[in-house]
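Q: Each chain, written out:
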Amino acid sequence: MDLRIRFQEELSELESLALGGLDLACAQLRRVLEAVEHRDVALARDVVAGDDALDELYCELHERIIALLALQAPVAGDLRLAAALLHVIRSVERMGDQCVNIAKLIPLDGHHPPTHPVLLEELGVMGRLVCAEIEQSKRAFAERDMQLARDLIHQDRDVNELNRRVFQFAWESGEDPDAREWAMHMVLAARAVERMGDLAVDVGEQLGFVLTGQFEEFRDASHPSPSDAAPSV
Amino acid sequence: MSEPVVQRPVLAPDAPPAPDAPASLGEPVFRLRGVGVAYGGTPAVRDIDLDVRANEITALIGPSGCGKSTVLRCLNRMNDLVLDARVGGQVLYHGQDIYASHVDPVEVRKLVGMVFQKPNPFPKSIFDNIAFGPRVLGMKGSMDEIVERALRRAALWDEVKDRLEQSAYGMSGGQQQRLCIARALATDPDVILMDEPCSALDPISTARIEDLLLELRRNYAIVIVTHNMQQAARVSDRTAFFTVDEARVGHVVEMDATERIFQNPADPRTEAYVTGKVG
Amino acid sequence: MSTTRIAPASQRERALGGLFRAALLVSVAVGILTLVWLILSILIEGGPRIDGDVIARFPSSNPELAGAQSAIMGTIWVVGLTALITIPVGVGAAVYLEEYADRERWWNRLIELNIQNLAAVPSIVYGILGLAFFVRGFLGLGQTVLAAALTLSLLVLPIVIISSREAIRAVPDSIRHGALALGATQWQTIWRQVLPGAIPGMATGSILALSRAIGEAAPLVLLGGLTFITFNPEALDSAFTVLPIQIFNWISRPQEEFHVLAAAAIVVLLVLLVAMNAVAIFLRNKYQRKW
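Chains as they are written, first to last, in my numbering: chain A, 1 to 233; chain B, 1 to 279; chain C, 1 to 291.
Extracted from the complex, chain A is given alone in its bound form:
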């Protein structure tokens, strides 16, 4: 029985470490968006360096999950959880990569690029929404709450709408080449944030697999429903 207890404890620990990675990703997102707002190149460099921690977490958890599969041969619920955690840590690692993508944009504009306050504000709102999404996905997974997981798709629609608006603003950003260049970078940043939101939804989908053994996509990219056009925030 001791062996079984150790196995259960290991699986639990892997789950909480994987979900803890979501917190780290959220923190990275907040920092990088602050760096964008204040054009803080030093902070941007910190964010890039901080991604190492996320990569190491990914490697360690990946190794431990594979070891669990090899040595313990889990089945049924345990197997589905282990498989889901492999996806979750991948999502976490990609969230980290998106933050790095945003951080790398900042030094390119020099220290005093022309900025558009509305654009910055929209970006900030997106960041807060996505952070909330990530936290919600973490809570849903930990508490095995399918309702909460499904709800993520609604918040993600808001994020998608904001992303479209950012693009619109950038399109209409005027004649100044520096301003236009900065605006394009903001579009890329917004895209990265929107991707992070999608990754949070993925975590929710993995919860569905853990609970039911079926994999259900919360939204189908090739069949956008009319309600994808979310009401304005």
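To be clear, the hints were calculated from the coordinates, so they are not data collected in a lab.
Glycine included, each C-beta is placed from N, C-alpha and C at the ideal position.
Some hints could be false.
[Said to hold, decoys possible] Computed spacing ranges between beta-carbons, pair by pair:
(1) B:R260 - A:A53: 35 to 45 angstroms
(2) C:P8 - B:R269: 54 to 64 angstroms
(3) B:L214 - C:P8: 55 to 65 angstroms
(4) A:M146 - B:R260: 16 to 26 angstroms
(5) C:L19 - B:A247: 32 to 42 angstroms
(6) B:A272 - A:D55: 49 to 59 angstroms
(7) B:A100 - C:W107: 24 to 34 angstroms
(8) B:A247 - C:R212: 50 to 60 angstroms
(9) B:D104 - C:W106: 46 to 56 angstroms
Given chain A's structure and the hints, the job is docking chains B and C onto it.
A: Chains B and C only, in chain A's frame:
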């Protein structure tokens, strides 16, 4: 000499299938309905409903003492050997109840073969071991051919063809068990019952026998009782999970495709057992 | 840090062990040496008369001319007939009790209990029984070889049954189950698997039984073996005598030569016994199974 009462149905090659007989792949060879067994008045299993299909391997899993072997022995009436065993319910073999009063258990055992947990070759030569069944059954044909066919089917021919006259006891444990499988095949049954056939064997012999089972599945229906869940998962097509209730009477909790039982079982008790939290 | 040492056996332990071994050796020695001394003394005493004559000649009041042929042939006839009667009956009873009888039934348990008792009944009682039912009374066979064989069969039957049952029990159930699972009937299983496997044990048991029969004198005296028989038995209804009786007859005579003859006859009896044992050992080895 009268025809034996229990028969395997014989279908002409191009005859249309009988109205309520499903296609030959997956047709139930055995149907158990409401089967219960009691030893000396104490119930051992109750309410057993399960199907065994042709060309499939059906595994019976569950903790010790929940009646898997008891149910297995119902299928070839070996429970009759236990003095005060009573079997209730219906055990239908190709639609015929093998516990009907006019049925001779000996006839049933000619059609349903069995391999035991510990290899039990007879203290005779390899040839005489295989030939015993056909001889007592009065099977026609060249005994040499019958023996060779059985040994080939059990993937043992090449290893023993030059020493058929030697004692079966000179073989290793894994070979002896394959000999017992060949012996059961020699009488040309259509179902093979196996009661933990590999539990006394080393992993390599076990693997060889599992390979053999996958081969045999093409021609026989196989029912295997096993404590080794990995084995059930590797080898079987469908799995029935047994457990005991509060009165210590065994019953089937869940029976489904093996993939489902080991990936996403419906009943929490099944989940608890296969993940090792219980039993 | 303490080192782990294997402690040497204490002096006392070793002494007790040695003493125990010595005691066991003495037991073995006593048995064997006594036997050897008995056989040697018989051989020495009977020495002068161990020749073809003791086998070729018939009893006579003249010790020079006497031999034990009638007794030897009588023994062979009686014991041979006994074997023919008691072995099939005993094995059959053992098979019934082990393979067919339901142990829960009261009559089967009664039978089991009484077989043990019958083995302990003194042989003279069987003699009386034989006299009443076989010689006189119901069957009225008279003082014949057949009556003697029937009586001795009853006498040794319990031994045959008990040892055959042990031999049948020694065949593992896994063999029976294996045969039955192939579709053999109970009878086929017994005849083709169980009995062949039980032959060694049954052979040993039969020899034990016949060894007892060959040495019986008292019941056969009652059945009419104590007469001056000078002919060999020729048919089942012949009169007879056996070696133990003849030996007793000669021992009772005053002449010393008859005592020597008696010793010679004992040697012949021992040779017959050894011959019978050899047959049994041969059978046992031929059918020996290693489970």
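Q: Now tell me if each hint is right for this structure.
A: Cross-check of the supplied hints:
no. : hint                                : in the structure
1   : B:R260 - A:A53: 35 to 45 angstroms  : 40 angstroms, holds
2   : C:P8 - B:R269: 54 to 64 angstroms   : 58 angstroms, holds
3   : B:L214 - C:P8: 55 to 65 angstroms   : 59 angstroms, holds
4   : A:M146 - B:R260: 16 to 26 angstroms : 21 angstroms, holds
5   : C:L19 - B:A247: 32 to 42 angstroms  : 59 angstroms, violated
6   : B:A272 - A:D55: 49 to 59 angstroms  : 37 angstroms, violated
7   : B:A100 - C:W107: 24 to 34 angstroms : 31 angstroms, holds
8   : B:A247 - C:R212: 50 to 60 angstroms : 56 angstroms, holds
9   : B:D104 - C:W106: 46 to 56 angstroms : 29 angstroms, violated
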